[in-house]
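Given chain A, put chain B in place with the hints provided.
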Amino acid sequence: MPAAPLICVEHLTKRYGGVVALADMNLTVERGTIHAVVGENGAGKSTLMKALAGAVRPDGGEIRIEGEAVILDTPNAARRRGIGIVYQELSLFPERSVLANLFVNREPTRHGLISLRRMEDDSRAMLAELGLDVDLRAPLSRLSIGERQLVELCRVLLEEPRLIILDEPNSALNRRETERLFAVLERLRKRGATMLYVSHRLEEVFAITDRVTITRNGRDVLTRRTAELTIPEVIEGMIGRPQEALFPQPPPVRAGMKTRSIEVRNLTGGRLADVSFEAHSGEIVGLAGLEGSGVTDLMEILFGIRHAHSGSVTFPDGKGLPGNPTQAARRGICLVPADRRRNGLMLEKSIFFNIANVAIGARDDAPLWFLPNRAIERARRQIDALRIKAGSARVVAQELSGGNQQKVVIGKWLEIGPDVFLLDDPTRGVDVGAKREIYGLIRRMSADGGVVLFSSTELPELIGLCDRILIVYQGRLVGEVAAADVDGHTLLHFINTGEKPTSLEKAVS
Amino acid sequence: MTDGALPTKRERRGFRMPDEIGVITALVVMMVIIGVARPRFLNPINLFSLLGNTTFLGMLALGMVFLLAIREIDLSVGWMFNFSAVFAAILMVAGVNPWAAAFAGVLFGAGLGFVNGMLVVGLRLPAVIVTLGTYSMWQGLSLVANQGRAIVPSDTTSSYFSVIPTKLFGVLPVAALVFVVLAIVMHFVLHRTRFGYRVQAVGSNPEAAKYAGIPTGLVRLQTLVMMGALCGLSGVMYVGFRGAIDPQEGSDFVLVVIAAVIIGGTPLSGGHGTIIGAVVGMMIIQVISSGLIFFGIDATWSTFVTGAVIVLAVSLDQLIKYNRARRQMGAG
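As given, the protein sequences belong to chains A and B, one line each in that order. So for the first sequence, the working numbering puts the first residue at 1154; every next one is plus one. So for the second sequence, the working numbering puts the first residue at 13; every next one is plus one.
Okay, chain A solo, but in the shape it has when bound (with noise of 0.2 Å):
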């Protein structure tokens, strides 16, 4: 009889308030495998996580471990099991050294007082192994992001876990840092080392992993070798349906539309440097870039919120950038922030006081009252045409879903009918079925005479969404590629050296 599998999570299920996070999630870890666990963002991946983790206690279900049925109800209950995981978001002491942050609750003494040496030499192998050269004494404020998150990785390690959790673990690690990372992923499963691996990247998933769990809604659809899967199979595992019907056919363009356009030229300021380019109405036109290549910066830039060192720009309306965002939203130039909750909304204010946001707050058109039925009946019109779910305009913007709230941060600017739109990573933590509703709304704006700049930090959207994409890599614009022309392999080759792939190349000669 063969031996138990190392984890092995049955009919596990959690509810927050209404929300169902995990309705029936199944799960697998054969030893010494790299085993993907991928879906959607509220597919419930990350509470399953937390769940073997020992940082959410499941409302149903089991865990075992080795075959031997355990309650991982706090996070040093999950440890003890020889659980480890490694956060997406940082668990660090930034003040603090690197030492003391690598061995955080668990100090070596020595005659009772916290023994530095005794760190140091405990540390030293692992982290020559991950290729971590740094001052162990200094502040961990002082390391990069991608050494920070090597850090968490090596302090996860010290404590030799049985299973070791990756919550997207190179979300903040540039190119060179994924492949060291990966490199030491590598090793550890060589020596037999069993992982969990989370990520939304699905080339990364392929590139690595053994085994991969597809899930959605809460629960487990399919798991298979990786080897067996294609990335069109696991994204339509993902979403439930086949790629191609996420995103809809552009409607057609009006008649006797005017066609206006965005001219970029030698635009230089914060990450930016000597960026040309142009966009017309009628078109998707994507910006692609890794987090902080400088996407938001352009955009951030283009609505007056940051200033440029140097270079020009001429809007629709013949003039040049606007000074302030105010100036922006009164020339019908609009930004949907990347962080809806900090830039985006108010949020515990209503639906309607939301949307006359540009209407009333920014136009100096606007009239000198602020009457609540009015603004009251003009949301009730964004609710219908944009289908947000709400039982009316009073209710706070904070009850909403994610998808929900984005579309009213979208109301409230086509409210006023802008000419550019400039849409950064609209889609961000937003649920399937608004995604596809977002993205009618995208083409929408561009069909009615709009300028549509659009970023994502998901490379299928930007393919399906857009008619071409330019690419950003460290604050220059390196290349512009036809959607129809690139896969999400190539993309991601692009976008992550800056170099345009070969076989774009080919392609366009």
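Derived from the structure by calculation, the hints contain no laboratory data. Here the structure is a predicted model, which is why all the values come from computation and not from measurement. Ideal Cβ positions, reconstructed from N, Cα and C, are used throughout, including at glycine. Some hints here could point you the wrong way.
[Said to hold, decoys possible] Covered stretches of chain A (in silico footprint by chain B; criterion: 3 or more residues with CB under 8 Å from a CB of chain B, positions within the stretch not fixed):
#, region
1, 1285-1296
2, 1483-1497
3, 1518-1532
Using the frame of chain A, we list chain B on its own:
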């Protein structure tokens, strides 16, 4: 199921009690208790003079509601009040028509508010820090101007000095009437005008307001100028009411004003405010201090009791919010 339950609850909002019902009840209960024990307290003349006494601080509270709603605090209000009053009184002493001098005093107050506002917007500092400095600046300049003595306009034959202290129908002081009218106006400014909307929007989430194109700097400046103008108005009316301005008058205003606004239910976290609440809060403070006198308790206790009421008010507020949040968690 949740989808069906929420809208009906929300749509029936028209029948909901106003948010101020709590403080209003508290005020009525206090007045009834004192009134039962000392019936003389409920005499209309006493009640209206109570309202009259809240006037000068109350006007400051009206402006302070806007400041808390925009997530700022103005600490310099007491000295803007004093400095404007001193300025107007000096003009009156110099022979300027008291009505014109009073008008100049209001503009002067607005000017002080403008300085506060320019510093806040220009230096991108919270108003609480800027006004911590201007608090002493206005105090100092006012002391320089009045040379440490009360300013007493000698010629009080002008109608200015007879109109303001007049009691209409023998009971309602004109100053109180001005205050009540002003409170109604400010209530509508906060809830029904573009400016009021912007104040609430900026206070609710300054970052989101900026990203929505709301001119946050301008709104802050306008709010602080309005605060200054209200201080000026309160100050010049005080001169008309008392016929003089003492060098220390206004020194202890700011904390009482903030207390009244908070008792009234305006949160320090910004985003919304209640003018009605602030007026009621001001009256609660006034009822406490005069109620104590009616009970023959030494007036020095009133400061302590006012403080205790603030702690009680914010505790109740926190309790209500906590319960509401818990109920939402259960339902959500």
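A quick look at each hint next to the structure:
1. 1285-1296: violated (count 0)
2. 1483-1497: holds (count 6)
3. 1518-1532: holds (count 7)
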